[in-house]
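Student: Now for the letters of each chain:
2 protein chains.
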Amino acid sequence: MEHTGVTAAQGFSAAGVTAGIKASGKLDMAVVVNNGPEYNAAAVFTRNRVVASPVKLSRTTVADGQLRAVVYNSGNANACNGTQGDTDAALMQTRTADRLGIEKHEDVAVCSTGLIGELLPMGSILSGIDQFNDALGSDAEHGTTAAKAIMTTDTVPKQAVTRRNGWTVGAMGKGVGMIAPSLATMLVCITTDASASPEALDEALRQASSVTFDTLDIDGSTSTNDTVIVMASGASGVSPTQAELNEAVHAVCLEIAQQMQADAEGVTKRVTITVEGTDSDAEALNAARTLGRDNLFKCAMFGSDPNWGRVLAAVGMADAAMNADQISVSFNNQVVCKNTTGVPGARDVDLSGEDIDVRVDLGTGGEGTATVRTTDLSHAYVEINSAYST
Amino acid sequence: MEHTGVTAAQGFSAAGVTAGIKASGKLDMAVVVNNGPEYNAAAVFTRNRVVASPVKLSRTTVADGQLRAVVYNSGNANACNGTQGDTDAALMQTRTADRLGIEKHEDVAVCSTGLIGELLPMGSILSGIDQFNDALGSDAEHGTTAAKAIMTTDTVPKQAVTRRNGWTVGAMGKGVGMIAPSLATMLVCITTDASASPEALDEALRQASSVTFDTLDIDGSTSTNDTVIVMASGASGVSPTQAELNEAVHAVCLEIAQQMQADAEGVTKRVTITVEGTDSDAEALNAARTLGRDNLFKCAMFGSDPNWGRVLAAVGMADAAMNADQISVSFNNQVVCKNTTGVPGARDVDLSGEDIDVRVDLGTGGEGTATVRTTDLSHAYVEINSAYST
Chain A
4 MEHTGVTAAQ GFSAAGVTAG IKASGKLDMA VVVNNGPEYN AAAVFTRNRV VASPVKLSRT
64 TVADGQLRAV VYNSGNANAC NGTQGDTDAA LMQTRTADRL GIEKHEDVAV CSTGLIGELL
124 PMGSILSGID QFNDALGSDA EHGTTAAKAI MTTDTVPKQA VTRRNGWTVG AMGKGVGMIA
184 PSLATMLVCI TTDASASPEA LDEALRQASS VTFDTLDIDG STSTNDTVIV MASGASGVSP
244 TQAELNEAVH AVCLEIAQQM QADAEGVTKR VTITVEGTDS DAEALNAART LGRDNLFKCA
304 MFGSDPNWGR VLAAVGMADA AMNADQISVS FNNQVVCKNT TGVPGARDVD LSGEDIDVRV
364 DLGTGGEGTA TVRTTDLSHA YVEINSAYST
Chain B
4 MEHTGVTAAQ GFSAAGVTAG IKASGKLDMA VVVNNGPEYN AAAVFTRNRV VASPVKLSRT
64 TVADGQLRAV VYNSGNANAC NGTQGDTDAA LMQTRTADRL GIEKHEDVAV CSTGLIGELL
124 PMGSILSGID QFNDALGSDA EHGTTAAKAI MTTDTVPKQA VTRRNGWTVG AMGKGVGMIA
184 PSLATMLVCI TTDASASPEA LDEALRQASS VTFDTLDIDG STSTNDTVIV MASGASGVSP
244 TQAELNEAVH AVCLEIAQQM QADAEGVTKR VTITVEGTDS DAEALNAART LGRDNLFKCA
304 MFGSDPNWGR VLAAVGMADA AMNADQISVS FNNQVVCKNT TGVPGARDVD LSGEDIDVRV
364 DLGTGGEGTA TVRTTDLSHA YVEINSAYST
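Chains as they are written, first to last, in our numbering: chain A, 4 to 393; chain B, 4 to 393.
What the hints contain is simulated information worked out from the structure, not anything from laboratory work. Since the model is a prediction, treat every value here as computed from it, not as a measurement. Backbone N, C-alpha and C fix where the C-beta goes; we use that ideal spot for every residue, glycine too. Hints are not guaranteed to be accurate.
[Stated by the list, open to error] Derived lysine-lysine pairs resembling DSS-like cross-links, with alpha carbons at most 30 Å apart: (1) B:Lys59 x B:Lys29; (2) B:Lys59 x B:Lys25; (3) A:Lys59 x A:Lys29; (4) A:Lys25 x B:Lys59; (5) B:Lys341 x B:Lys151; (6) A:Lys341 x A:Lys272; (7) B:Lys25 x A:Lys341; (8) A:Lys151 x A:Lys341; (9) A:Lys272 x B:Lys272; (10) A:Lys29 x A:Lys151; (11) A:Lys59 x B:Lys341; (12) B:Lys59 x A:Lys341; (13) B:Lys272 x B:Lys341; (14) B:Lys151 x B:Lys29; (15) A:Lys59 x A:Lys107.
[What the hints assert, rightly or not] Take a look, some chain A residues computed to stay more than 12 Å from chain B by CB distance: (16) Gly23; (17) Gly68; (18) Asn84; (19) Arg98; (20) Glu106; (21) Gly169; (22) Thr244; (23) Ala246; (24) Thr277; (25) Asp308; (26) Val318; (27) Glu370; (28) Asp379.
[Unchecked claim] Just so you have them, the derived chain A footprint on chain B, three or more residues with Cβ under 8 Å: (29) 49–61; (30) 111–123.
Using the sequences and the hints, build the whole thing.
Tutor: Okay, structure coming up:
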């Protein structure tokens, strides 16, 4: 088995334990530890203005560009719990630092995922943290156990690795648009043994996120808890260039994002939408997102229905430059609409496969282009997301 | 039976006929004729930039504030059909003017609704128009037949009337978010025997639309064909004030919008969302729309699940001023979240009824407020909208 995940890079250990937060008795806490010699880090967080207590805490924690560990729990988001939520997140942090022998508790980030609005069961949380020392290890199995412990409605753990000349980037992730019984969170932890400054990590992470996690749009919803963290141990002794670092971080982010798309709850189709022929990349992204969030379009994809009229109706509402009489659309590389008019045979295109590629040219002749990954809207999505939270 | 619909006001006649556009053999063409003595009119159209040929034509037609008739067909949207679509819409207009003895064909507006991207069957269309003269009448039955003839996936015809001191406003409508086999259109025709200038009609229509049809948001989709037309015959001899006209037009628009919400395909719940406590009405509307379009929230409503965490996660992404730590939420007048924190018993609120009232206070203390009507996201919605268009 290839060594993938957060322990693939030198200088990292990980653990996953059963703390008793989940009624199912499954793994529900994890920790990823950076053993150095360097402790540089960067992070991106949810753009939602309603943020969970662990996000508030971790934003502050990572501000100095240093992290020695990240502690995770699944089964409870610790969001919308008022000041008690803040107190509980802080206790998770200090207890983890204490038990792992980390001098400054500000060097520990905290991530939670699960139901919103329920207080953390702190007895379970603390007993979980107390198990970390015995459970830590640096092999592939320990990384996989940590990846399992952050799962909520994910059906498979999500891990990635990319190896370069003497250095490695690994990652684990969970979530996005998988939501029962409550809103799900995207959590990602990226580790590398490269030597890289916090600024270099920040640039690499922002560039990669903007074209991977930020364009993975299952249902347009954004969690209160979304957090992506990258830590660099420097243990390889290699200092990649910024371009090399960007490329490698992008590679693992893309792989995790694709695994999230494939595992999104209720998915029967993976839909990749590319918009071009508008004035800027930002406008192309607006149009691709508008289409990717259109329920009529997503239902048509579920039905394998090449209903290109819904594509036009959706992009026609987007905030993007377009020539409304010269829009073209193709499904799986077959042109179905040209000059905003259907082409013969357009309704016979076969969309029965699991992957559907949609391309829209907005007809301005501009250079703007963007790609968004989404899914269909299925019965299973409704079923999963209408289940009682109680 | 109360005389409601487009023939309730003096000076109007209507007809509904079977032209053969629908394979089912149901009524599929209608006309509403203003017999004067005045012919003032106003209209609002879809904000979509991809617009159907009849919308392009009717925009021009109504620009001078005069209309003598509106011709309707269902079963085919005449959208995205290139210049042939424009030609066909123009022929619908001139043939209707010719057969009804209307001197200027620019006094006839055209509305179509149905599948996008199929050419109009002009043989059927012209034979339908040729039936109008024999089919026209001014009683309640003729209005109802016209209302039936514009239906697509509507299950009931939608009509309204409001009577004032000596004058009357009536209306018929179809659609919004009822979409199989393709994107559905909202078409509304309002008639009044008041004497009112085109400018007065325009103001009344825009004010009413902004708080009725514009805030009825079933799935966030906007059709290529949406058209709301008001015509005034002056036959009552009464000239209401602007305020009186506004109030009466609003009354019929609200009634039609409520009928649309109740009849939206796949609906099991009618959800009314009111947002307050933000800086402006526009910001409150943004937040209410963001919530009304959030699939996770809509699935929770389908499941009668008082999952207030999804409300916070949705409004947290809205473009509206908010105090993220002081948001409150109530379901059916029971507070479930205060200061962005759950209140005891929040998960026990009974949402099993068909109507759910959601109120969100964004906590800034501002005066902004807005209400949006939406529905749940149900299995039936997915079923209906994933059916093949072919």
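Student: A separate judgement is required for each hint: does it hold in the structure or not?
Tutor: Tested hints:
no.: 1; hint: B:Lys59 x B:Lys29; verdict: 27 Å, holds
no.: 2; hint: B:Lys59 x B:Lys25; verdict: 24 Å, holds
no.: 3; hint: A:Lys59 x A:Lys29; verdict: 27 Å, holds
no.: 4; hint: A:Lys25 x B:Lys59; verdict: 58 Å, violated
no.: 5; hint: B:Lys341 x B:Lys151; verdict: 47 Å, violated
no.: 6; hint: A:Lys341 x A:Lys272; verdict: 25 Å, holds
no.: 7; hint: B:Lys25 x A:Lys341; verdict: 26 Å, holds
no.: 8; hint: A:Lys151 x A:Lys341; verdict: 47 Å, violated
no.: 9; hint: A:Lys272 x B:Lys272; verdict: 28 Å, holds
no.: 10; hint: A:Lys29 x A:Lys151; verdict: 9 Å, holds
no.: 11; hint: A:Lys59 x B:Lys341; verdict: 19 Å, holds
no.: 12; hint: B:Lys59 x A:Lys341; verdict: 19 Å, holds
no.: 13; hint: B:Lys272 x B:Lys341; verdict: 25 Å, holds
no.: 14; hint: B:Lys151 x B:Lys29; verdict: 9 Å, holds
no.: 15; hint: A:Lys59 x A:Lys107; verdict: 18 Å, holds
no.: 16; hint: Gly23; verdict: 21 Å, holds
no.: 17; hint: Gly68; verdict: 26 Å, holds
no.: 18; hint: Asn84; verdict: 6 Å, violated
no.: 19; hint: Arg98; verdict: 23 Å, holds
no.: 20; hint: Glu106; verdict: 32 Å, holds
no.: 21; hint: Gly169; verdict: 42 Å, holds
no.: 22; hint: Thr244; verdict: 36 Å, holds
no.: 23; hint: Ala246; verdict: 33 Å, holds
no.: 24; hint: Thr277; verdict: 19 Å, holds
no.: 25; hint: Asp308; verdict: 5 Å, violated
no.: 26; hint: Val318; verdict: 7 Å, violated
no.: 27; hint: Glu370; verdict: 20 Å, holds
no.: 28; hint: Asp379; verdict: 8 Å, violated
no.: 29; hint: 49–61; verdict: holds (count 5)
no.: 30; hint: 111–123; verdict: holds (count 4)
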